[in-house]
Amino acid sequence: MIVKRIESVNDFVIKFANVNGTGSASANNLFAKALFRMGLPVSPKNIFPSNIQGLPTWYEVRVNEDGYLGRRGGIDIALSVNPQSMAQDIREVLPGGYFVYDNTKPLDLRLHRDDITIIGVPLTRICNEQYDDPRQRQLFKNVIYVGALAALLDMDFKVLTGLVEDQFKGKKNLVLPNIHALELGYQYARNNLDCPIGIRVQKSDKVGDKILLDGNTALGLGALYGGATVAAWYPITPSTSVVDAFEKYAKRVRIDPGTGQRNYAIVQAEDELAAIGMAIGASWNGARSFTATSGPGVSLMSEFLGLAYFAEIPTVLFNVQRAGPSTGMPTRTQQSDILSCAYASHGDTKQVLLFPSTPKECFDFGALSFDLAERLQTPIILMTDLDLGMNDNMSEPLAWDDDHKYDRGKVLTAEQLEDGVEFGRYLDVDGDAICYRTYPGTHPTKGAFFTRGTSRNEYAVYTEKGEEYEANMLRLLRKWDTINEYVPAPITIDCGRDTDTAVLYFGTSEEASREALDHLAEEGVYLNAMRVRAFPFNRDVHAFIERHKEVFVIEQNRDAQLRTLLMAEFELGPDKLKSVLCFDGTPISARNIRKQIKKHLNSDNVLPLHRDTALLRTGERS
11 MIVKRIESVN DFVIKFANVN GTGSASANNL FAKALFRMGL PVSPKNIFPS NIQGLPTWYE
71 VRVNEDGYLG RRGGIDIALS VNPQSMAQDI REVLPGGYFV YDNTKPLDLR LHRDDITIIG
131 VPLTRICNEQ YDDPRQRQLF KNVIYVGALA ALLDMDFKVL TGLVEDQFKG KKNLVLPNIH
191 ALELGYQYAR NNLDCPIGIR VQKSDKVGDK ILLDGNTALG LGALYGGATV AAWYPITPST
251 SVVDAFEKYA KRVRIDPGTG QRNYAIVQAE DELAAIGMAI GASWNGARSF TATSGPGVSL
311 MSEFLGLAYF AEIPTVLFNV QRAGPSTGMP TRTQQSDILS CAYASHGDTK QVLLFPSTPK
371 ECFDFGALSF DLAERLQTPI ILMTDLDLGM NDNMSEPLAW DDDHKYDRGK VLTAEQLEDG
431 VEFGRYLDVD GDAICYRTYP GTHPTKGAFF TRGTSRNEYA VYTEKGEEYE ANMLRLLRKW
491 DTINEYVPAP ITIDCGRDTD TAVLYFGTSE EASREALDHL AEEGVYLNAM RVRAFPFNRD
551 VHAFIERHKE VFVIEQNRDA QLRTLLMAEF ELGPDKLKSV LCFDGTPISA RNIRKQIKKH
611 LNSDNVLPLH RDTALLRTGE RS
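Under our numbering, the residues of the sequence shown are numbered 11 to 632, in order.
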């Protein structure tokens, strides 16, 4: 059988299959950054287990000169050094693709495929010949295969060596051994294999001023620039690195130069409930504070979120979502906390949600969260996910206006209180349903208030009168309308054709959705698009839905939570909004989106009340 090889330049997907805990992520990241430094748009995704070491782990890198950065679906090249997953890895390679493996031991004949090119590199043998230390053998094996890939793909080898020098600057004892390992792989491939293969890379200029950055680091920086001085948290994957980043940068810029005193506080609480309680308390006292967590943490925090909503205390929560329910899959991505956050706590509550889709928006929205929380006197929950939070993403550079003035909201000063300004903590003076507050200790005799529980009248006096409770709850609804004016507006993309069909998406679904829409347009299927960036939904969202006959809602959860929220808020019937879903723990792919939309459009059947689970099972998930 003659294999028709995949041939492309600067357009492919490669997947590394390793053993967790062997240092492979650093080597795979080196490969991705080298391509980025060659001017190629890249999208690396680390797919790792929740244990510390021993289980299979994968690292997928997409290269696309046209700038498509979402998960495409399908694998062109698999590099496997893990016997545990080798059968799965070789199955995932598309016909015409390439399978690179450690052939120190011969490939099991049962795994052979005639429709792909199989390439062996004796990684273990090379390591055994070069290194005596078992740990060095393990670590440098990963670097050696990066060198071999450089030859197979015709990469600029100097870019790799330059990256190593930059990474270990001033540490010759690390630079030289890593470069030597790269050379071992590179020379073996050049001398023993057909190089290059059908897939090649060439230097390009498609990156511009873009940067590679993970969303959690951007959030930590956003909190810092947003004026946060207090972080209270409990460690949980995948949000831990948010606080790590905040601490890293606070140590640089939040130190008093004269005294060396830290002008910030980071407290690791005993659990998530305590963490958000500390954040609420610090905020009530006038500090800009936040906490970071994931779905299980939100479950524990929900009662305190209800307190902050009803007592109207500014609160910032960064939720880096992962697969649930319960503890779920802590190292897999999902967008499955939408409903639990939108209506967090018992009773009638509505929480403000922000949906960034890039590291830059993580930074911008992270800083904005504190202004919004204090202006609106309510919790602000910023919703990212593991894919955005823990993976490097190409992004516009971060920017900050040094003239920015923090919006501290409606806070009465001692002078205003002394001048006799009427103070009622829950009194709507301006007609926007946002009341004036005071910081504790602002005035020795004025501006204080006492609460017993949260049931109170306009002057914070305890009451159980139904009419006064009802009046306060109605005011909170009016405030919800005011909030609409402050949260980020949606972004609309018009396809330029007459169409009554559209898509709606949010967060990390953006890149794959836009690619899917481009491919559908090439096939004559045109859809308008809107990216939702906040809840409450801007009025433009309702107008967008109303002017289309069908709207596909793309999201990464099982129960179509955003669709449910849209139906509830706008009182829409189930026939208007169609679900496009992915919930296998991996980022949604463009091919999956395209496939689900086409199946819906080509079907004459009415969409059932319960989503087509067969479609979900047959959708291209990889």
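Treat the hints loosely; a few may be bogus.
What the hints assert, rightly or not - For lysine to aspartate or glutamate, the following EDC-like pairs were computed, each having C-alpha atoms within a straight-line distance of at most 20 Å:
no.: 1; residue 1: K608; residue 2: D585
no.: 2; residue 1: K420; residue 2: D442
no.: 3; residue 1: K489; residue 2: D442
no.: 4; residue 1: K43; residue 2: D219
no.: 5; residue 1: K605; residue 2: E495
no.: 6; residue 1: K586; residue 2: E532
no.: 7; residue 1: K605; residue 2: D528
no.: 8; residue 1: K220; residue 2: E480
Source of the hints: derived by calculation from the structure; they are not laboratory data.
Each hint tested on the structure:
no. : hint         : in the structure
1   : K608 to D585 : holds, 17 Å
2   : K420 to D442 : holds, 11 Å
3   : K489 to D442 : holds, 6 Å
4   : K43 to D219  : holds, 15 Å
5   : K605 to E495 : violated, 37 Å
6   : K586 to E532 : violated, 25 Å
7   : K605 to D528 : holds, 13 Å
8   : K220 to E480 : violated, 51 Å
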